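S.K.: Single-letter residue listing:
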Amino acid sequence: MTAVSATRDEPVSVREKSVAPILEIAREQVLDRGVGLTEQQLVEILRISDDDLVEALELAHQVRLKYCGDDVEVEGIVSIKTGGCPEDCHFCSQSGVFDSPVRSVWLDIPALVQAAKETAATGATEFCIVAAVRGPDIKLMNQIKFAIDRINKEVDINIACSLGMLTQRQVDQLAEWGVHRYNHNLETARSFFSEVVTTHSYEERLETCEMVRAAGMELCCGALIGMGESIEQRAELAAQLAALEPHEVPLNFLNPRPGTPLADQQIMDGKDALRAIVAFRLAMPHTVLRYAGGRELTLGDLGTRDGLLGGINAIIVGNYLTTLGRPADADVKLLVDLNMPIKELQKTL
Amino acid sequence: MTPTELPAGTVYCGHCGRPVVSGDDSNTSHPGCEQRLLMEPPRYCVDCGRRLKVQVTPTGWTAECSRHGQTIS
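Read top to bottom, the protein sequences are chains A and B.
Each residue of the first sequence is one higher than the last, beginning at 1 in the numbering used here.
Each residue of the second sequence is one higher than the last, beginning at 1 in the numbering used here.
Hints listed in this document are in silico derivations from the structure and should not be mistaken for laboratory results.
Don't take each hint at face value.
To be verified - Listed next, the in silico DSSO-like pairs over lysine-lysine satisfying Cα-Cα at most 30 angstroms (straight line):
| hint | chain 1 | residue 1 | chain 2 | residue 2 |
| --- | --- | --- | --- | --- |
| 1 | A | Lys117 | A | Lys153 |
| 2 | B | Lys53 | A | Lys66 |
| 3 | A | Lys139 | A | Lys117 |
| 4 | A | Lys153 | A | Lys139 |
| 5 | A | Lys145 | B | Lys53 |
| 6 | A | Lys333 | A | Lys117 |
| 7 | A | Lys139 | B | Lys53 |
| 8 | A | Lys271 | A | Lys333 |
| 9 | A | Lys333 | A | Lys145 |
The structure displayed is predicted, hence computed values, not measured ones.
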């Protein structure tokens with residue numbers, strides 16, 4: 001990562017000599033006209049040389065600044081129901097199908113409200129309540145309703161939810177209760193999906209995403225890369241996400257979890273992770289592109305900085321659902337150092 | 001071997017749950033596991049090796065052993 005940062009100081013004339021043709025195309029198509037790259041063009045981005053990576057990151061940053069602005073959306077996430085999930089997502093330590101050390105546990109409402117308060121104190125405008133379930137049952141829906149009421153009374157923050165696959169009635173209820181944004185990830189490309197999930201289909205995920213958007217909630221639909229998918233499948237995923245036109249795309253990098261089928265998967269190369277960030281930004285110039293799980297392991301501190309200067313315009317602060325993140329104040333300080341203001345709260349309820 | 005078959009004083013790794021050093025409580029995890037524990041909460045009780053009930057929140061975590069109680073970070 002240091003090498004990537006260091007070469008940014010080279011004279012422009014030197015850099016211009018090594019610019020890949022796809023970057024010139026992206027400059028005209030994405031930066032000038034706001035049109036995302038196609039799947040085939042994204043393959044070329046994902047294959048750019050190390051020498052062109054600095055230029056690619058700079059271009060992605062310019063695209064982000066032009067179409068999204070300079071502010072950064074900050075979010076905190078918490079699990080209301082951890083572990084014991086009946087689904088077999090091969091990357092997930094919360095699946096009850098595998099021999100994972102993660103035990104099933106529920107968070108009570110007072111603790112959930114406290115987590116929302118702590119998240120808001122970091123400057124975050126988004127608080128996402130997550131449950132490890134195939135889809136919510138009546139008990140969980142009732143708890144979510146109660147939690148939303150309590151948080152809205154006590155905390156000034158937008159509430160998002162991630163509760164798995166929904167029925168139309170559940171979508172309508174969440175929208176009525178004022179859920180600002182709903183997260184349901186595609187995770188990986190359609191052509192790779194059956195390699196990592198067998199208990200539900202890619203199409204089922206798409207159905208929930210489409211219902212969420214039709215109900216007027218903002219759609220948060222993300223990716224998990226580094227699971228063994230090919231470069232072409234990574235490009236396919238970015239193009240499939242772009243076609244969904246989500247408001248936000250959280251970008252996760254695999255953190256291989258003990259006991260899961262992907263426990264021994266090699267951690268993704270940091271430069272490939274940066275290439276993916278560039279590709280996702282150039283595929284979706286207008287979308288909130290959020291750093292999510294695995295960035296600490298894959299990219300480290302310097303990589304986090306490179307990504308924020310390479311297309312990322314949102315972060316999850318603090319801990320994740322079952323693993324720990326960087327301290328929230330470290331990320332907030334980084335944003336100050338980069339002169340990137342935290343996005344202010346705009347209640348949509 | 002189950003936790004109860006090991007001698008008293010055995011310390012268990014908070015990351016993988018396997019014994020660390022019998023009778024020596026100066027080490028509470030294996031070298032590789034120690035690094036992992038910087039980025040994730042413990043999953044096993046260091047006193048008995050049982051799996052913990054762990055709740056992670058944005059700013060901390062709690063881990064509860066059915067025999068040895070709760071640890072808060």
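S.K.: With reference to the structure, classify each hint as holding or not holding.
M.R.: Results for each hint:
{"no.": "1", "hint": "A:Lys117 - A:Lys153", "verdict": "holds, 11 angstroms"}
{"no.": "2", "hint": "B:Lys53 - A:Lys66", "verdict": "violated, 46 angstroms"}
{"no.": "3", "hint": "A:Lys139 - A:Lys117", "verdict": "holds, 24 angstroms"}
{"no.": "4", "hint": "A:Lys153 - A:Lys139", "verdict": "holds, 22 angstroms"}
{"no.": "5", "hint": "A:Lys145 - B:Lys53", "verdict": "holds, 25 angstroms"}
{"no.": "6", "hint": "A:Lys333 - A:Lys117", "verdict": "holds, 20 angstroms"}
{"no.": "7", "hint": "A:Lys139 - B:Lys53", "verdict": "holds, 21 angstroms"}
{"no.": "8", "hint": "A:Lys271 - A:Lys333", "verdict": "holds, 24 angstroms"}
{"no.": "9", "hint": "A:Lys333 - A:Lys145", "verdict": "violated, 34 angstroms"}
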